[in-house]
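A.B. asks: Take a look at the letters that make up each chain.
Protein chains: 2
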Amino acid sequence: MKVTISDVARLAGVSTATVSHTINNTRYVSDETKERVYQAIRELGYTPDASARSFRTGKKQTVGFIVPDISNKFFGTMIEAVENYLSEHGYHLIIANTKEDADREETSLRLLTAGLVDGILVASTMEDFNRFDATIPAGFPVVLVDRTFEAKKYSSVCVSNFQPIYRSVCRLSGKGAQRIGIVGGLPRLSSTKERISAYQEAVEDCGLPQEESLVLYGDSMENSVQSCLDDLLAQKCDAIVVCQGLMASETIIYLHQKGLQLARDIDLVSFVDYDSNFYELYSSQMDCIVQPVEELGRAAGEQILSRIENPDAPIFEKVLTSAYRPYDSPNTWNGKKA
Amino acid sequence: MKVTISDVARLAGVSTATVSHTINNTRYVSDETKERVYQAIRELGYTPDASARSFRTGKKQTVGFIVPDISNKFFGTMIEAVENYLSEHGYHLIIANTKEDADREETSLRLLTAGLVDGILVASTMEDFNRFDATIPAGFPVVLVDRTFEAKKYSSVCVSNFQPIYRSVCRLSGKGAQRIGIVGGLPRLSSTKERISAYQEAVEDCGLPQEESLVLYGDSMENSVQSCLDDLLAQKCDAIVVCQGLMASETIIYLHQKGLQLARDIDLVSFVDYDSNFYELYSSQMDCIVQPVEELGRAAGEQILSRIENPDAPIFEKVLTSAYRPYDSPNTWNGKKA
DNA sequence: CTGAAAGCGCTTACAG
DNA sequence: CTGAAAGCGCTTACAG
Chain A
333 MKVTISDVAR LAGVSTATVS HTINNTRYVS DETKERVYQA IRELGYTPDA
383 SARSFRTGKK QTVGFIVPDI SNKFFGTMIE AVENYLSEHG YHLIIANTKE
433 DADREETSLR LLTAGLVDGI LVASTMEDFN RFDATIPAGF PVVLVDRTFE
483 AKKYSSVCVS NFQPIYRSVC RLSGKGAQRI GIVGGLPRLS STKERISAYQ
533 EAVEDCGLPQ EESLVLYGDS MENSVQSCLD DLLAQKCDAI VVCQGLMASE
583 TIIYLHQKGL QLARDIDLVS FVDYDSNFYE LYSSQMDCIV QPVEELGRAA
633 GEQILSRIEN PDAPIFEKVL TSAYRPYDSP NTWNGKKA
Chain B
333 MKVTISDVAR LAGVSTATVS HTINNTRYVS DETKERVYQA IRELGYTPDA
383 SARSFRTGKK QTVGFIVPDI SNKFFGTMIE AVENYLSEHG YHLIIANTKE
433 DADREETSLR LLTAGLVDGI LVASTMEDFN RFDATIPAGF PVVLVDRTFE
483 AKKYSSVCVS NFQPIYRSVC RLSGKGAQRI GIVGGLPRLS STKERISAYQ
533 EAVEDCGLPQ EESLVLYGDS MENSVQSCLD DLLAQKCDAI VVCQGLMASE
583 TIIYLHQKGL QLARDIDLVS FVDYDSNFYE LYSSQMDCIV QPVEELGRAA
633 GEQILSRIEN PDAPIFEKVL TSAYRPYDSP NTWNGKKA
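Protein sequence lines correspond, in order, to chains A and B.
Counting in the working numbering, the first sequence runs from 333 upward without gaps.
Counting in the working numbering, the second sequence runs from 333 upward without gaps.
One should not assume that every hint holds.
One copy or two, it doesn't matter: identical chains are merged, so the pair holds either way.
To be verified - Listed next, the in silico DSSO-like pairs over lysine-lysine satisfying Cα-Cα at most 30 Å (straight line):
#1 K525 / K568
#2 K334 / K484
#3 K391 / K484
#4 K650 / K431
#5 K568 / K590
#6 K485 / K334
Derived from the structure by calculation, the hints contain no laboratory data.
With the hints as extra help, turn the sequences into a complete structure.
C.D. replies: Shown next as structure tokens:
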């Protein structure tokens, strides 16, 4: 049946302690004994049972990542970067998808924190911090990713949302835009709130109309952008800010279908999913805000492993900055000239 | 510290067996006893330790998925579908990325099969079946996804590769194409081989030139398509078949940059990533082969769970069919008229 | 330099 | 209807 450490010990004529120590290099074992142990391992085809080991040591060598939408390229790329960092450090990655559903998130949080993983990364879709907080066992290593909460109880790795939006609105204004509309993501998310308030401050500072009707919200996941656009176009907007990559591509397609040409008929600025081929075609006709997704993933990996090492370390908040690429400055997209 | 089942048993005044049985509904417990147990659980805030449980039972309730490229939308969507199916059935998903590297794949296979997961799904990048086979412990539940091997030792869930390519070549020929070039993915993959031979048979059957120089291979991951296209264009191809979604979008961009217009200057047919916004813009100018990615993921989930239930079941090969959408027939992309 | 043995937190025959 | 106890496969003080 299953070959265990005792089988190896017996065949090698040593104790299980010695087998364990030679495998893990955790105390001195004479070369001769080592050789006997390895010989026995080879003969029996022994592989240590990861499940028993992690049960015994309490270390799972696994982290969980709770994601709102796996198939979204933004998160797909982040998952890749996280997995890359973790596997380099001997950790595994468990993925859970919430589809922006708080109940699913809560379930995943409970399951994962109940002895399945050493720590979790979460891009939370919850509005209520207390609900989130109540679901996490005390002291459990957590790093918030991309989205954070007002209450600064957990470490986080996010992207600067305010500055690029503020700047792009100012720039649109400087180019003569009269009415700038904005399509935000899910209103409850911290990222959305930051982006919307950047827009609102900028619009005010630039002396542009601050009408509530110019601020619309799309669902980050479904095809809900079209009605927002119809609404903004009916309001005679000459520039539109879109707060999220998936919605941006829908926007481009929809404007295209309506016969509107970017840069000529209407100005568009949008968060854009890093490295997406889609935008390469349009980077000369719109302002792109490119988020450092891979660094975000890598930083998330770093943070969670360091918290697992040292769960009582002070809260750490990392904010990465997005690149702002206006379309009529020399195109440096991906370092290539268009 | 940690609250264990013994703490609960002590507080409730019952045995650990009874606590276990009431939690798991695995033998009769009187209502009164149940109540005492649940009361104790609430009081202590007890959560069963998943690690101990899975060690004890030998069931991890987890499957591994070894993927060549997570950030590729094709696999991202598949991961989502798999995760969806698994979580519905109480399973977790561990993801490992190989970046089309056989060594990484081998490492992941070893790690995952050593007691971490109950079964694995793998879109293998290995050329050598024996190497793959030697890495899998005897009887370990495995389902191959998207890519298979000549030797039919493992169950698989794939997509029909031959028919759509054969048909599209015939159709190009029928429209008058004289020289059709093809850009395949990694030559070692079963999917690539099937697609290339479909092309070759069709080209022969249609009486078109069967020159070796018309068959080129791109790396599925890097930006290696451009040189292939330059080559084919220099050979005066009037139609090009591209075998993979990522390469297809690069192709569109590159042809666009060269000032070539699809459908007018050159005909393009390509496998396309399901649901990608990118193609929505081009579905009226090129032939699209749309793979049923979500069904693929769902079927993969079904197959691996049923193999875990019943590891000795006969090998099962499932082949899903892709949709072929020529561009000048009425556009039914996503059910919408363009 | 190495071994005997406890114990991680559960589940599950076995027994009554 | 429920309990006492073995045992899953490791790691790790403790002891010599």
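A.B. asks: Hint by hint, say whether it matches the structure.
C.D. replies: Checked hints:
1. K525 / K568: Classified as within; 24 Å inside a copy, 54 Å across copies.
2. K334 / K484: Intra 48 Å, inter 26 Å, cutoff 30 Å: inter-copy only.
3. K391 / K484: within (27 Å within a copy, 38 Å between copies)
4. K650 / K431: both (25 Å within a copy, 28 Å between copies)
5. K568 / K590: Intra 15 Å, inter 36 Å, cutoff 30 Å: intra-copy only.
6. K485 / K334: between (45 Å within a copy, 22 Å between copies)
Going down the numbered hints, you'll see the structure goes against none, and every one checks out.
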